[in-house]
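Line order of the protein sequences matches chains A and B. Taking our numbering, I'd label the letters of the first sequence as residues 1 to 114. Taking our numbering, I'd label the letters of the second sequence as residues 115 to 230.
FYI, nobody ran anything at the bench for these hints, they're computed from the structure. These numbers come from a predicted model, not from an experiment. Check before you lean on any hint, since a few could be wrong.
[Said to hold, decoys possible] Quick list of in silico lysine-lysine cross-link-like pairs, DSS-like style, CA-CA up to 25 Å:
#, chain 1, residue 1, chain 2, residue 2
1, A, K57, B, K163
2, B, K172, B, K229
3, B, K136, B, K225
4, B, K225, A, K9
5, B, K183, B, K229
6, B, K183, B, K163
[To be verified] Label-pair restraints from in silico Cβ distances:
#, chain 1, residue 1, chain 2, residue 2, range
7, A, E75, B, I165, 28 to 34 Å
8, B, P132, A, H73, 41 to 47 Å
9, A, L83, B, I165, 37 to 43 Å
10, B, P230, A, G42, 36 to 42 Å
11, A, G3, B, I227, 38 to 44 Å
12, A, R18, B, R156, 26 to 32 Å
[Claimed, not checked] Over 10 Å on every C-beta distance to chain A, these chain B residues come out as not near it, computed from the model:
#, residue
13, A119
14, N126
15, K136
16, T138
17, G157
18, K163
19, D168
20, F177
21, E178
22, F181
23, S194
24, Q217
25, A222
26, G223
27, K229
28, P230
Note that CB positions come from ideal geometry on N, CA and C, so glycine has one too.
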Amino acid sequence: DSGVTQTPKHLITATGQRVTLRCSPRSGDLSVYWYQQSLDQGLQFLIQYYNGEERAKGNILERFSAQQFPDLHSELNLSSLELGDSALYFCASSAHGQGAGEQYFGPGTRLTVT
Amino acid sequence: AQSVAQPEDQVNVAEGNPLTVKCTYSVSGNPYLFWYVQYPNRGLQFLLKYITGDNLVKGSYGFEAEFNKSQTSFHLKKPSALVSDSALYFCAVRDMKGDSNYQLIWGAGTKLIIKP
Chain A
1 DSGVTQTPKH
11 LITATGQRVT
21 LRCSPRSGDL
31 SVYWYQQSLD
41 QGLQFLIQYY
51 NGEERAKGNI
61 LERFSAQQFP
71 DLHSELNLSS
81 LELGDSALYF
91 CASSAHGQGA
101 GEQYFGPGTR
111 LTVT
Chain B
115 AQSVAQPEDQ
125 VNVAEGNPLT
135 VKCTYSVSGN
145 PYLFWYVQYP
155 NRGLQFLLKY
165 ITGDNLVKGS
175 YGFEAEFNKS
185 QTSFHLKKPS
195 ALVSDSALYF
205 CAVRDMKGDS
215 NYQLIWGAGT
225 KLIIKP
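Only chain B is shown next, with the shape it has when bound in the complex (with noise of 0.2 Å):
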């Protein structure tokens, strides 16, 4: 069956330091791979996605994602975090193996707080 982890519900970075915010998935086939982030009172954006190619993939305010088959994640980066990146970030994954499942399997979220 297929699943999206994100092992950690929140993660705290000090300002311009490096951020990671982690997401495994587990599928039959070859994934798609999307990152999403949600501010406060607002609907979720769309920040990233992977769908074959490059593993390192750039996305939208400087973030972007690493792709690891054999790990089976794929982890979001940034490489100097700004408080207004404090936000919740979903990982979701679509299974391509097969024509009827369209629908993208989203992890928890992890909440993330960049302090000052």
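Same shape as in the complex, but just chain A (with noise of 0.2 Å):
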């Protein structure tokens, strides 16, 4: 266990509609990041957020949108839903911003847009 905690597990939607998806970090961690996985497109880096402050941006499309509150939780926001979007999005933690520390994933949200 990471310690990373992401709900919900699995994401049943239709296209148009909007969802959120939500993460805990480990404790103590200051840096949240996105990604999304899918078959065609391996391992796609969203946003970083880092003590509440966008750090990076990464391939994240305009219909997504993220933040992290003052507790450091964080929420991925997706709307307008497209079939394509079917993928499981993972966020990951690491305890600071600059990329030199392992980050720790959560078990991800397995989003489905039927």
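Two chains, each in its own frame: build the complex with the hints.
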């Protein structure tokens, strides 16, 4: 167990809908990262937050947004969902924000858009 | 531009034989290099990292990796493979040049299959 929790574990929704994925980092970790893993595109970095502020942005669509709250948990919001958004979404956390430390991954949320 | 290549989509090894999973990288400055493993239906788990120092890095589950600056490689190795090592392996790099880029660049992953 990495200490990172993600809810829900599975999510099935229809095209055009909006969903929110939640992540709680390991105790004491200040950085949260979001990743998308799909069969055809591998592991894609979406966005990183460090102590409440956006630190780095990857291949995140404009329909997606994230935030990190004062208690350090993070939420990833996906809107106007398309079939192609079906994927595993992982959250990871690390102690610091500068990429030198290892990241600890949650179990993921499997999103299915029908 | 930073990049990571894992040239093999899949590696097949017989149990008990040594295994190597290849990774090459391209960065502007000195690299931080990582290996992660993903078991089926699980999140990624950290295996080992190279920051500086000894080129041979030892990690979890008996894995090690060798940093080769001249060949810009960071291959993952294990002397004797176990069936339980079967999983998806990811290499990642962070370019230490400059302060503004904090994200890791990830390889596409290599599926390791260990046959009994």
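Quiz item: For which of the previously enumerated hints does the structure constitute a violation, in increasing order of number?
Solution: 5, 10, 11, 17, 18, 24, 25, 26
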